[in-house]
Amino acid sequence: MRATTRVLHGDWERFRRANPDTDEDALATEIVVRGRRRLAGEWEEFIGPDVSREDRLEWLRRWIPRLAADIATLGFDLVENRGRAAEAARLEEATYQHDIELKKDVIPELKAEAKTLRAEMRRLESSLRSRGGDPDSIEPALPGDTIYVDDFEQPKFETNESRRKAVVEYFRRRESHRG
Amino acid sequence: MRAADPFEGFELDLSYRQRRDQPVEVSLDGEGLPDDERQLRLLAYAGMFDLLVEALMEACETDEERDGRLSWILGKLQSAEPIVRFNLFENSQLAKDLELISRMRGKDIVMTREWLLPKLDRDMGVYRRRIEALDAALEGDDR
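Chains as they are written, first to last, in our numbering: chain E, 1 to 179; chain H, 1 to 143.
Please keep in mind that the hints were generated in silico from the structure rather than gathered at the bench. It is possible that some hints are incorrect.
Stated by the list, open to error - Each computed EDC-like pair below joins lysine to aspartate or glutamate, with the alpha-carbon atoms no more than 20 Å apart:
#1 Lys119/H with Glu109/E
#2 Lys119/H with Asp150/E
#3 Lys96/H with Glu80/E
#4 Lys119/H with Asp145/E
#5 Lys76/H with Glu11/H
#6 Lys111/E with Asp108/H
#7 Lys76/H with Glu45/E
#8 Lys119/H with Glu113/E
#9 Lys107/H with Glu92/E
#10 Lys103/E with Asp108/H
#11 Lys119/H with Asp151/E
#12 Lys111/E with Glu11/H
#13 Lys111/E with Glu153/E
#14 Lys107/H with Glu101/E
#15 Lys103/E with Glu114/H
#16 Lys119/H with Asp70/E
#17 Lys96/H with Glu87/E
#18 Lys104/E with Glu132/H
#19 Lys104/E with Glu114/H
#20 Lys76/H with Glu58/E
#21 Lys107/H with Glu44/E
#22 Lys103/E with Glu87/E
#23 Lys103/E with Asp150/E
#24 Lys103/E with Glu93/E
#25 Lys96/H with Glu92/E
#26 Lys115/E with Glu132/H
#27 Lys104/E with Asp151/E
#28 Lys76/H with Glu132/H
#29 Lys96/H with Glu24/E
#30 Lys107/H with Glu93/E
#31 Lys119/H with Asp99/E
#32 Lys119/H with Glu80/E
#33 Lys76/H with Asp70/E
#34 Lys115/E with Glu11/H
#35 Lys76/H with Glu44/E
#36 Lys107/H with Asp105/E
#37 Lys96/H with Asp105/E
#38 Lys119/H with Glu153/E
Source: prediction; values computed, not measured.
Starting from the given sequences, assemble the full structure and let the hints guide the process.
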């Protein structure tokens, strides 16, 4: 049975440099045999300080491939995830720009226009009423679900210049109070 | 050392935040391989590092040298592990948070484009028609 997985290019290069003469087919089998051997059995994360050098070497020989494989797998996820985070940041920036464009340029303009039209409509209704007419009899009647815009104010977005003016004004007032 | 050290510069490999290399496909051959790609990757890395450690053992001339070199590698791995885990958690969290913000904002944008803007447009159409009708009624009065 053959299968493929992905590893980081640098890791594969390091591995190939250490095994330059082995062909890919032999490596495909050897990696699986070795990997299974190293992942089998209990995890021995620590070894006592009093063991012989031979035992310590044997433990290092078993433990390092297993620990390195675990970290490399996490590292692979980290590198892959960085792409996901970058894409998420790009998308967030794009939606932010789109949202601010709607809130700053499109919606205020429409609401201001709607407010002006409503004010004109109210003025004409009042005028008709003052002449004894009945605005309620005029069609089209105003639907009950129109968006309320009568107290709409243009949003004030801070700019560097407006912030600078506010700071200058603050210090000017403070100085005049002292004086 | 009687041959090149296969772990030369290994500490740089563990700086995953700085790494820019892309994934490569690796073929594996054996019975009953796991279906999950992540498990396959762990298996592949375990086999690759086993062969690398063996190459290091052969490259060293004495057990003292082997012990020293393997202990150095172990130290680097132990130092790197919590950092990699934390960075992975932090990055995943950041990506999830940004994706959530984009989804919520995207919903707002869709609501604005698909509901608010057309609704304002329809309302203004009614206002204009009603203004015309009121104007006409007032002009009729004038006459």
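Going down the list of hints, with the structure as the test:
For the given pair, Lys119/H sits about 14 Å from Glu109/E by alpha-carbon distance, which is consistent with the 20 Å threshold. With a C-alpha separation of about 16 Å, the suggested pair Lys119/H and Asp150/E falls inside the 20 Å cut-off, and the hint holds. Between Lys96/H and Glu80/E the alpha-carbon distance is near 14 Å, which keeps this suggested pair within the 20 Å criterion. Taking the CA atoms of Lys119/H and Asp145/E, the gap is about 10 Å. The hint holds against a cut of 20 Å.
Our distance criterion of 20 Å between C-alpha atoms is met by Lys76/H and Glu11/H, whose separation comes to about 6 Å. Of the supplied pair hints, the one linking Lys111/E and Asp108/H holds, its CA atoms being roughly 17 Å apart against a limit of 20 Å. Only pairs whose Cα atoms come within 20 Å are accepted, and Lys76/H paired with Glu45/E is accepted, the gap being roughly 15 Å. The straight-line distance between the Cα atoms of Lys119/H and Glu113/E is roughly 13 Å, inside the 20 Å bound, and the hint therefore holds.
For a cut-off of 20 Å, the pair hint linking Lys107/H to Glu92/E stands: about 13 Å separates their Cα positions. With a C-alpha separation of about 11 Å, the suggested pairing of Lys103/E with Asp108/H holds against the 20 Å cut-off. For the suggested pair Lys119/H and Asp151/E, the alpha carbons sit about 18 Å apart, so the restraint of at most 20 Å is met. Note on Lys111/E and Glu11/H: the hinted pairing is violated, with a Cα-Cα distance of about 60 Å set against a maximum of 20 Å.
Annotation: proposed proximity of Lys111/E to Glu153/E holds, straight-line Cα distance about 9 Å (limit 20 Å). For a cut-off of 20 Å, the pair hint linking Lys107/H to Glu101/E stands: about 15 Å separates their Cα positions. Among the hinted pairs, Lys103/E with Glu114/H is consistent with the structure: their alpha-carbon atoms are about 15 Å apart, no more than 20 Å. Under the criterion of a C-alpha separation no larger than 20 Å, the hint pairing Lys119/H with Asp70/E is inconsistent with the structure, at around 56 Å.
Restraint check: the Cα-Cα separation between Lys96/H and Glu87/E comes to about 11 Å, which is no more than 20 Å; the hinted pair holds. The hinted pair formed by Lys104/E and Glu132/H fails the criterion: a straight-line CA distance of about 30 Å is larger than 20 Å. For the hint pairing Lys104/E with Glu114/H, the CA-to-CA distance comes to about 18 Å; that is within 20 Å, so the pair holds. Using a Cα cut-off of 20 Å, the hinted pair Lys76/H and Glu58/E holds, with the two alpha carbons roughly 19 Å apart.
Of the supplied pair hints, the one linking Lys107/H and Glu44/E is violated, its CA atoms being roughly 50 Å apart against a limit of 20 Å. Proximity of Lys103/E to Glu87/E is assessed by CA-CA distance (about 24 Å); at most 20 Å being required, the pair is judged violated. The suggested pairing of Lys103/E with Asp150/E holds, with an alpha-carbon distance near 18 Å, which does not exceed 20 Å. Under the criterion of a C-alpha separation no larger than 20 Å, the hint pairing Lys103/E with Glu93/E is consistent with the structure, at around 15 Å.
Among the hinted pairs, Lys96/H with Glu92/E is consistent with the structure: their alpha-carbon atoms are about 11 Å apart, no more than 20 Å. For the suggested pair Lys115/E and Glu132/H, the alpha carbons sit about 16 Å apart, so the restraint of at most 20 Å is met. For the hint linking Lys104/E to Asp151/E, the alpha-carbon distance of about 17 Å falls within 20 Å, and the restraint holds. Our distance criterion of 20 Å between C-alpha atoms is broken by Lys76/H and Glu132/H, whose separation comes to about 81 Å.
For the hint linking Lys96/H to Glu24/E, the alpha-carbon distance of about 38 Å lies beyond 20 Å, and the restraint is violated. Taking the CA atoms of Lys107/H and Glu93/E, the gap is about 15 Å. The hint holds against a cut of 20 Å. With a C-alpha separation of about 18 Å, the suggested pairing of Lys119/H with Asp99/E holds against the 20 Å cut-off. This hinted pair does not check out: Lys119/H and Glu80/E have alpha carbons roughly 43 Å apart, beyond 20 Å.
Of the supplied pair hints, the one linking Lys76/H and Asp70/E holds, its CA atoms being roughly 14 Å apart against a limit of 20 Å. The straight-line distance between the Cα atoms of Lys115/E and Glu11/H is roughly 66 Å, outside the 20 Å bound, and the hint therefore fails. With a CA separation close to 18 Å, the supplied pair Lys76/H and Glu44/E stays within the 20 Å bound. Proposed proximity of Lys107/H and Asp105/E is supported: the alpha carbons are some 19 Å apart, at most 20 Å.
Taken as a hint, the Lys96/H and Asp105/E pair is broken in the structure, with Cα atoms around 30 Å apart against an allowance of 20 Å. Distance restraint check for Lys119/H and Glu153/E: the Cα-Cα separation of roughly 19 Å lies within the 20 Å cut-off, and the hinted pair is therefore satisfied.
In terms of the numbered hints stated before, the structure departs from hints 12, 16, 18, 21, 22, 28, 29, 32, 34, 37, listed from lowest to highest.
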